[in-house]
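**Student:** Listed below are the residues making up each chain.
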Amino acid sequence: MVHFQNTYTPAAPRQTMNGRPISQMDWSSEITPEPETQGQTHPASDTGMGGMRMSGENGMGSGGMTQPSGSMEGIQDQGRQIIQSGDQYLRSNLPMEVIEAPLTADEAYRGSMKAKLAKYVGSYVVATFLVGTQSTVSWEGILYDVGNDFLTIYQEPRDRYIVTDIYSLKYIEFYDTRRREMCEAILRENGLQNNN
Amino acid sequence: MAFSDRELLARLIQCEAGGEGENGMKAVAGVVMNRVHAKGGEYARVGQGSIRNIIFQPYQFVCASETEGGAYNPQNIYNMRPEQIHYDIADWAIAGNRLPDVAESLWFYNPFGPTCRSLFPSNVGYWQTRIGDHCFYNPTDAYYKT
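So the protein lines, in turn, are chains A and B.
Each residue of the first sequence is one higher than the last, beginning at 1 in the numbering used here.
Each residue of the second sequence is one higher than the last, beginning at 1001 in the numbering used here.
Because the hints were derived from the structure by calculation, they are not lab data.
Yeah, the Cβ is synthetic: ideal placement off N, Cα and C, and Gly gets one too.
Don't take each hint at face value.
Said to hold, decoys possible - Ranges of calculated distance between the beta carbons of each label pair, as one might list FRET restraints:
(1) A:133 with B:1002: 20 to 30 Å
(2) B:1023 with A:90: 34 to 44 Å
(3) B:1081 with A:157: 49 to 59 Å
(4) A:95 with B:1115: 19 to 29 Å
(5) A:185 with B:1021: 53 to 63 Å
(6) B:1141 with A:113: 46 to 56 Å
(7) A:96 with B:1081: 42 to 52 Å
Sequences are here, hints too, so could you generate the full structure?
**Tutor:** If you want it as structure tokens, here you go:
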């Protein structure tokens, strides 16, 4: 089987910070652009990703990062700069009338999740699926392919492809690998991430 | 007391596709929920995202009416006695699950014959698949102009 080539470089070995793995840091401000408001302050202890990978398991904790607010502000400023430079990531940029009242099947498709998924093949994702009516399961890996009723996730460490039902997909987290590298670099500069 | 949306859907599933087996019922449930979540066209406008509006939209589901062609229609949702399987399928569809083959379908009908017509009336739908005695149709561009 052809091995999918991607630009994602595995992060440095996971480190803990205040007892929480680095992977649980809150990346939401780097992925989703936030509107700039003067004087806006971010709480020093943002809720972490929590990492609920399997339903039924207790969440890995929603406690925030306990960092000095000064260093967090510096990181948040740099995060905003990253956001400004690439804030079109994951935006559909479709006219509102196409979203609200599509006039063709193609317009309906372009405003759908399938189209968005197909556009971002190659991204590192965490996809959460509904199994039955109440339980969920998450698969993470590289979004390898998107079809009419399936999506394929490639897991590099295990060298396997997981073909999943697209209609069971509930939500999907995208990780822009370029920003992830930038964020890791910023954290390293601020002494919050150690590389061995 | 009015039926809940879940109750309505379960009764409709039993009435419309009770004899079609589990997949047949799931497909019909999917059609109803696809109309509820329609991105555009008539069902988006009329349904407004409501299961009740979709089920009771006039001239859509025979089972939702007590009269048909001026005569009493005994096969209606009020005469149904849904069982656990019908509620389970209703819950399954409401949760967002779909049979892949009919995941986009908005219409179904029983041709009472071996073949399905290629287009749904007014050309709003093209034939997608057949499950049991029901032919299922996906929306065409014409549908989005309704």
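**Student:** Hints the structure violates: just list their numbers, smallest first.
**Tutor:** 4, 6
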